[in-house]
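**Q** Residues per chain are reported as follows:
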Amino acid sequence: MVSKKDKVVELKNTVIRFAGDSGDGMQLTGSLFSDSTAFAGNDFATFPDYPAEIRAPQGTVAGVSGFQIHFGSSDIHTSGDLADVLVAMNPASLKANMKWISHHAIIIVDTDAFVEKNLIKAGYESNPLKDGTLTGHVLVEAPVTTLTREAVKDLNIDNKSAQKSKNMFALGMVFYMFNRDYKKTFDFFEQKFKANPLVVKANKLVLTAGYNYADTIEAFANTYKIIPAPLSKGLYRNVTGNLATSWGLLAASERSGRKLYLGSYPITPASEILQELSKHKQFSAIAFQAEDEIAGIVSSIGASFAGAMAVTSTSGPGLSLKSEAIGLAVMTELPLVIVDVQRGGPSTGLPTKSEQSDLMQALYGRNGEAPVVVMAARSSTDCFYSAYEAAKLALEHMTPVILLTDGSLANGSEVFKIPNMADLSPINPPIVKANDPGYKPYKRDPEKLSRSWALPGTKGLRHRIGGLEKEDITGNVSQDPLNHQRMTEFREEKVERVANYIPELEIGGDDDAETLIVSWGGTYGVILTAIEKMREEGKKIAFAHFKYIKPLPKNTAEVFKRFKKILVCEINAGQFVNYLRMRLPEFNYQQYNKIQGLPFMVYELKDKFNEYLND
Amino acid sequence: MADTIDTKKLTLTKQDFESDQMIKWCPGCGDHAILRSVENVFPELGIPPENFVVVSGIGCSSRFPYYMNTYGIHGIHGRAAALATGIKLANPKLNVWMITGDGDSMAIGGNHFIHLARRNPDVNVLLFNNKIYGLTKGQYSPTTPKGQKTKSSPQGTFERPFNPGTLAIGARAAFFARVVDTNPKMMTEVFMEAAKHHGTSIVEVLQNCIIFNNKIHSLITSRETKNDNQIYLKDGEPMIFGKNHDKGLKLDEKGLHVVALGENGITEKDLLIHNPHEQDTGIHTMLCEMMPPEYPAALGVIRSVKVETLEDAIWNMIEHEKENSPLKSVDDLLRTGNTWEVDEPGKNGK
Numbered sequence: 001m002v003s004k005k006d007k008v009v010e011l012k013n014t015v016i017r018f019a020g021d022s023g024d025g026m027q028l029t030g031s032l033f034s035d036s037t038a039f040a041g042n043d044f045a046t047f048p049d050y051p052a053e054i055r056a057p058q059g060t061v062a063g064v065s066g067f068q069i070h071f072g073s074s075d076i077h078t079s080g081d082l083a084d085v086l087v088a089m090n091p092a093s094l095k096a097n098m099k100w101i102s103h104h105a106i107i108i109v110d111t112d113a114f115v116e117k118n119l120i121k122a123g124y125e126s127n128p129l130k131d132g133t134l135t136g137h138v139l140v141e142a143p144v145t146t147l148t149r150e151a152v153k154d155l156n157i158d159n160k161s162a163q164k165s166k167n168m169f170a171l172g173m174v175f176y177m178f179n180r181d182y183k184k185t186f187d188f189f190e191q192k193f194k195a196n197p198l199v200v201k202a203n204k205l206v207l208t209a210g211y212n213y214a215d216t217i218e219a220f221a222n223t224y225k226i227i228p229a230p231l232s233k234g235l236y237r238n239v240t241g242n243l244a245t246s247w248g249l250l251a252a253s254e255r256s257g258r259k260l261y262l263g264s265y266p267i268t269p270a271s272e273i274l275q276e277l278s279k280h281k282q283f284s285a286i287a288f289q290a291e292d293e294i295a296g297i298v299s300s301i302g303a304s305f306a307g308a309m310a311v312t313s314t315s316g317p318g319l320s321l322k323s324e325a326i327g328l329a330v331m332t333e334l335p336l337v338i339v340d341v342q343r344g345g346p347s348t349g350l351p352t353k354s355e356q357s358d359l360m361q362a363l364y365g366r367n368g369e370a371p372v373v374v375m376a377a378r379s380s381t382d383c384f385y386s387a388y389e390a391a392k393l394a395l396e397h398m399t400p401v402i403l404l405t406d407g408s409l410a411n412g413s414e415v416f417k418i419p420n421m422a423d424l425s426p427i428n429p430p431i432v433k434a435n436d437p438g439y440k441p442y443k444r445d446p447e448k449l450s451r452s453w454a455l456p457g458t459k460g461l462r463h464r465i466g467g468l469e470k471e472d473i474t475g476n477v478s479q480d481p482l483n484h485q486r487m488t489e490f491r492e493e494k495v496e497r498v499a500n501y502i503p504e505l506e507i508g509g510d511d512d513a514e515t516l517i518v519s520w521g522g523t524y525g526v527i528l529t530a531i532e533k534m535r536e537e538g539k540k541i542a543f544a545h546f547k548y549i550k551p552l553p554k555n556t557a558e559v560f561k562r563f564k565k566i567l568v569c570e571i572n573a574g575q576f577v578n579y580l581r582m583r584l585p586e587f588n589y590q591q592y593n594k595i596q597g598l599p600f601m602v603y604e605l606k607d608k609f610n611e612y613l614n615d
Numbered sequence: 616m617a618d619t620i621d622t623k624k625l626t627l628t629k630q631d632f633e634s635d636q637m638i639k640w641c642p643g644c645g646d647h648a649i650l651r652s653v654e655n656v657f658p659e660l661g662i663p664p665e666n667f668v669v670v671s672g673i674g675c676s677s678r679f680p681y682y683m684n685t686y687g688i689h690g691i692h693g694r695a696a697a698l699a700t701g702i703k704l705a706n707p708k709l710n711v712w713m714i715t716g717d718g719d720s721m722a723i724g725g726n727h728f729i730h731l732a733r734r735n736p737d738v739n740v741l742l743f744n745n746k747i748y749g750l751t752k753g754q755y756s757p758t759t760p761k762g763q764k765t766k767s768s769p770q771g772t773f774e775r776p777f778n779p780g781t782l783a784i785g786a787r788a789a790f791f792a793r794v795v796d797t798n799p800k801m802m803t804e805v806f807m808e809a810a811k812h813h814g815t816s817i818v819e820v821l822q823n824c825i826i827f828n829n830k831i832h833s834l835i836t837s838r839e840t841k842n843d844n845q846i847y848l849k850d851g852e853p854m855i856f857g858k859n860h861d862k863g864l865k866l867d868e869k870g871l872h873v874v875a876l877g878e879n880g881i882t883e884k885d886l887l888i889h890n891p892h893e894q895d896t897g898i899h900t901m902l903c904e905m906m907p908p909e910y911p912a913a914l915g916v917i918r919s920v921k922v923e924t925l926e927d928a929i930w931n932m933i934e935h936e937k938e939n940s941p942l943k944s945v946d947d948l949l950r951t952g953n954t955w956e957v958d959e960p961g962k963n964g965k
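For the protein sequence lines, the chains are U and X, in the order given.
The opening position of the first sequence corresponds to residue 1 in this note's numbering, with each subsequent residue numbered one higher.
The opening position of the second sequence corresponds to residue 616 in this note's numbering, with each subsequent residue numbered one higher.
Worth flagging that the hints you see were computed from the coordinates, not collected in a lab.
Heads up, a few of these hints could be off.
Computed cross-link-like contacts, BS3-like style, restricted to lysine-lysine with a CA-CA straight-line distance of at most 27 angstroms [stated by the list, open to error]:
| id | chain 1 | residue 1 | chain 2 | residue 2 |
| --- | --- | --- | --- | --- |
| 1 | U | 459 | X | 629 |
| 2 | X | 943 | U | 279 |
| 3 | X | 629 | U | 279 |
| 4 | X | 629 | U | 440 |
| 5 | U | 281 | X | 629 |
| 6 | U | 459 | X | 811 |
| 7 | U | 353 | U | 547 |
| 8 | U | 440 | U | 459 |
| 9 | X | 708 | U | 459 |
| 10 | U | 281 | X | 937 |
| 11 | X | 943 | U | 192 |
| 12 | U | 440 | X | 708 |
| 13 | X | 937 | U | 279 |
| 14 | U | 433 | X | 708 |
| 15 | U | 12 | U | 194 |
| 16 | X | 708 | X | 937 |
| 17 | U | 281 | X | 639 |
| 18 | X | 639 | U | 440 |
| 19 | X | 943 | U | 194 |
| 20 | U | 160 | U | 117 |
| 21 | U | 184 | U | 204 |
| 22 | X | 921 | U | 281 |
| 23 | X | 943 | U | 233 |
| 24 | U | 433 | U | 417 |
| 25 | U | 533 | U | 564 |
| 26 | U | 440 | U | 417 |
| 27 | X | 921 | U | 417 |
| 28 | X | 708 | U | 192 |
| 29 | U | 443 | X | 943 |
The calculated label-pair distances, taken between Cβ atoms and stated as ranges, are [to be verified]:
| id | chain 1 | residue 1 | chain 2 | residue 2 | range |
| --- | --- | --- | --- | --- | --- |
| 30 | X | 857 | U | 484 | 31 to 41 angstroms |
| 31 | U | 232 | X | 952 | 49 to 59 angstroms |
| 32 | U | 479 | X | 642 | 19 to 29 angstroms |
| 33 | U | 421 | X | 630 | 45 to 55 angstroms |
Reference excerpt, derived from the structure (chain U facing chain X, CB under 7 angstroms, subset only) [stated by the list, open to error]:
| id | residue |
| --- | --- |
| 34 | 57 |
| 35 | 251 |
| 36 | 299 |
| 37 | 302 |
| 38 | 308 |
| 39 | 324 |
| 40 | 467 |
Beta carbons: idealized from backbone N, C-alpha and C, even for Gly.
Please take these sequences and the hints and turn them into a complete structure.
**A** Here is the structure:
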């Protein structure tokens with residue numbers, strides 16, 4: 001790689017957004033850039049932004065698919081606010097992304113795509129490359145389509161096939177800009193297109209052409225370098241939240257010795273969990289694609305009764321359908337993990353957009369008094385540990401556990417330090433031995449208040465359970481009024497006692513601050529980043545993030561007591577803050593809510609925090 | 616499952632399967648006789664009692680698990696098929712029986728019923744069909760004859776009923792049988808056949824609700840009329856019925872006909888021979904459709920064909936993958952694909 005680059009600027013972090021038509025291969029481009037970022041030793045987080053439609057009309061704003069990566073030399077907690085670099089493969093992708101780029105962003109465009117037909121489709125009245133729309137930005141124009149065709153002209157492939165590689169031309173340009181080594185990407189081509197050497201060759205040629213073009217024409221005033229992040233020693237990989245969730249469940253299955261059973265029904269954005277778990281029959285994991293959401297969870301309850309580590313995965317509307325069955329799992333006191341990858345609601349809502357939409361539904365969306373453990377993953381990588389912990393709590397406490405993740409975590413990716421299975425805490429479900437003379441179906445562990453698990457097929461433990469109220473200890477059907485009260489209290493207390501087995505709430509930031517920022521679930525990264533920035537500016541502010549919602553950590557009130565002001569930030573209309581108002585009414589809570597199907601931006605949070613501090 | 620049927624004969628009796636719970640069905644309800652027949656069948660199957668699981672949905676029939684001394688789970692309305700599927704997939708060694716009714720399986724659980732039939736896990740289904748909602752006290756069900764007056768159809772129903780047999784076969788059920796709750800011997804024989812069948816066996820029990828739909832099946836079941844209005848089909852035997860064994864079923868290009876033996880030169884040789892193992896569903900469907908007074912109701916095993924079970928298909932794949940997959944543990948899995956090592960903090964890996 002001979003280059004004329006003489007000015008290499010060092011950056012702390014940066015955000016790149018690749019955007020194009022749904023068919024332009026932007027997700028692949030993004031993920032290849034992520035891989036090279038990993039090899040460059042940076043920490044990073046990514047987020048794909050694609051339309052709900054599979055192939056919306058070509059060239060329209062509705063059909064734009066994007067992929068954002070935020071990478072840097074220090075810990076990266078979010079996929080970034082506004083992009084510093086935008087790759088726009090057509091006018092529609094430029095138009096769709098203008099609001100997501102910073103004021104001085106570098107914009108790389110394929111000029112070949114900026115023809116009248118495409119401009120009209122995108123809704124431009126004049127050419128934005130020429131009419132001053134991009135004033136203030138750094139525009140890098142490249143005839144990507146033409147140069148791609150040119151690069152592969154000796155391969156004798158048709159124009160249409162040739163153009164499929166144009167995303168690699170753009171990638172080559174960005175590689176040049178960030179001084180990346182493209183050898184690893186070549187290895188990927190050879191792996192991925194093993195069966196088709198011509199495609200391997202074409203992609204290599206086009207990528208190299210893009211790299212050299214950027215070099216030759218001196219497309220960029222500077223090139224950039226981001227020094228490696230101080231990651232601790234170990235083996236790393238990149239994972240999305242849904243992949244991490246799936247693997248966390250497999251890990252829990254292995255550590256508990258219970259076979260994994262997933263009963264599920266496809267739903268955006270949770271389907272990848274079903275797809276991933278369906279690949280792992282080598283671990284005796286069964287992923288059953290049921291006829292509907294209800295059959296998904298009910299088959300899981302059946303599997304749990306039969307002794308499996310049972311899971312069901314879904315998103316908001318599916319959780320609604322599962323409500324009655326969750327009640328059955330509460331009444332039968334069987335272990336069950338319910339993964340809800342939240343999306344914008346109500347009803348079909350915003351299937352591909354993220355929202356912290358289902359907290360109240362998870363806590364209360366059932367008939368009767370039906371307490372379950374509710375917890376929420378805080379990042380894509382934390383989905384692994386949260387899924388593991390959800391399964392551990394379900395199995396050891398004999399209770400349904402609802403794990404809330406969301407579309408952003410599920411589809412976003414992060415750098416994951418690969419753990420060793422042996423380092424994960426053991427899981428010991430209370431399985432009854434054959435012919436145990438003391439076994440009673442609803443006899444409880446004195447500490448946890450959980451009943452024990454007698455598996456069909458075991459001698460001497462035959463028993464019946466079901467959705468009718470159970471008599472204390474015997475588990476026989478009972479209509480006795482006092483028994484119903486006692487059992488209702490047991491079920492609630494059993495879940496509350498989980499608080500004895502979870503970590504206490506930690507305070508981040510300045511623990512002597514007046515103001516505490518409170519959050520839960522997937523907003524952790526962006527709020528942490530905003531808090532860090534505030535503190536860099538010399539502001540005093542503290543931060544408490546909830547992973548466990550029911551039960552709340554035991555020291556919650558103790559933490560809240562130390563602060564004058566509490567601001568609860570959520571991507572919904574205030575579900576957690578209202579839960580806190582009900583559970584801990586002695587404190588005064590302020591709330592900050594965003595309900596746009598979009599994550600918080602760091603700058604929005606900072607503005608809000610500053611306003612609140614000065615109040 | 617079939618391979619557990621022939622295991623070492625266990626000396627079990629009916630008493631081994633009777634639970635200590637008070638049976639709360641109405642006196643005279645057909646459910647009592649069905650329970651007794653099941654208690655007669657279980658000890659004969661050579662299966663240890665702890666390997667039976669009885670599951671149900673909601674309805675009068677669905678209280679059944681509480682009355683059997685086996686593992687049991689009483690689920691939620693309509694969803695017994697999903698429970699049964701989950702149990703069977705999680706542990707294929709278990710012998711799973713699903714008790715359901717016409718409301719539970721034909722209405723709220725209709726979707727699960729058809730998918731159970733299609734997927735074919737080895738689950739034995741006893742579908743108690745009394746053509747009425749009993750537990751909610753007398754509303755019409757999806758099998759109530761059109762025009763019948765019930766609490767929720769004071770002018771008579773406006774809806775055509777389901778025929779559970781044609782519905783099951785239409786959903787690709789490999790085994791369908793029909794019995795009457797007034798004939799314990801027939802129930803015992805057919806339940807045995809259902810138990811031995813490897814795959815989903817659906818047995819429709821024409822069951823009488825003495826309170827809300829009394830005598831709904833009386834043409835088929837009463838002493839005076841039953842012989843001319845039912846035919847007990849047996850594998851390989853000609854289709855003969857009637858008090859004097861003088862009627863039969865003949866198939867021609869227009870379909871099935873009731874014919875009189877000895878009239879117009881009709882002999883036994885002209886009659887249809889029952890073959891439950893015929894893959895083609897045509898005759899089985901016609902048999903299911905037959906209803907008095909034009910035809911006798913077909914009883915016995917109407918269809919029984921071999922189809923791979925869901926759990927065999929899945930568990931065979933699991934065995935194959937366990938043997939052939941390079942991934943032996945989750946540690947292996949976490950290290951697949953693109954990974955990179957960081958040796959010293961701040962240094963990039965390769």
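**Q** Classify the hint on residue 57(U) as holds or violated, based on whether any CB of chain X lies nearer than 7 angstroms to its CB.
**A** violated (34 angstroms)
**Q** For the pair supplied as a hint, residue 12(U) and residue 194(U), confirm whether the alpha-carbon distance does not exceed 27 angstroms.
**A** Given pair residue 12(U), residue 194(U) is violated - Cα atoms ~37 angstroms apart, limit 27 angstroms.
**Q** So, residue 302(U) near chain X? Judge it on the closest CB pair being under 7 angstroms.
**A** Check passed: Cβ of residue 302(U) comes within 3 angstroms of chain X, closer than 7 angstroms.
**Q** Going straight from one Cα to the other, do residue 459(U) and residue 811(X) come out at no more than 27 angstroms?
**A** Cα-Cα ~23 angstroms, so holds.
**Q** Within a Cα-Cα threshold of 27 angstroms, do residue 459(U) and residue 629(X) meet the stated pairing?
**A** holds (18 angstroms)
**Q** Against the 27 angstroms threshold, does the CA-CA distance of residue 943(X) and residue 194(U) hold or violate the hint?
**A** holds (26 angstroms)
**Q** May I ask you to test the hint 19 to 29 angstroms on the CB atoms belonging to residue 479(U) and residue 642(X)?
**A** Roughly 21 angstroms apart at Cβ, these two residues keep to the hinted range, so it holds.
**Q** Quick one, are residue 708(X) and residue 937(X) close enough, alpha carbons at most 27 angstroms?
**A** holds (19 angstroms)
**Q** Going straight from one Cα to the other, do residue 921(X) and residue 417(U) come out at no more than 27 angstroms?
**A** Outside the cut-off at roughly 50 angstroms; violated.
**Q** Assess, step by step, whether the Cα of residue 937(X) is no farther than 27 angstroms from the Cα of residue 279(U), and give holds or violated.
**A** holds (12 angstroms)
**Q** Can you confirm whether the C-alpha distance between residue 440(U) and residue 459(U) stays at or below 27 angstroms?
**A** Holds: residue 440(U) and residue 459(U) sit about 14 angstroms apart, inside 27 angstroms.
**Q** Mind checking the alpha carbons of residue 629(X) and residue 440(U) for me, to see if they're no more than 27 angstroms apart?
**A** Between residue 629(X) and residue 440(U) the Cα gap is close to 24 angstroms, so the pair holds against 27 angstroms.
Going down the numbered hints, you'll see the structure goes against 3, 5, 15, 17, 24, 26, 27, 28, 29, 30, 31, 34, while the others check out.
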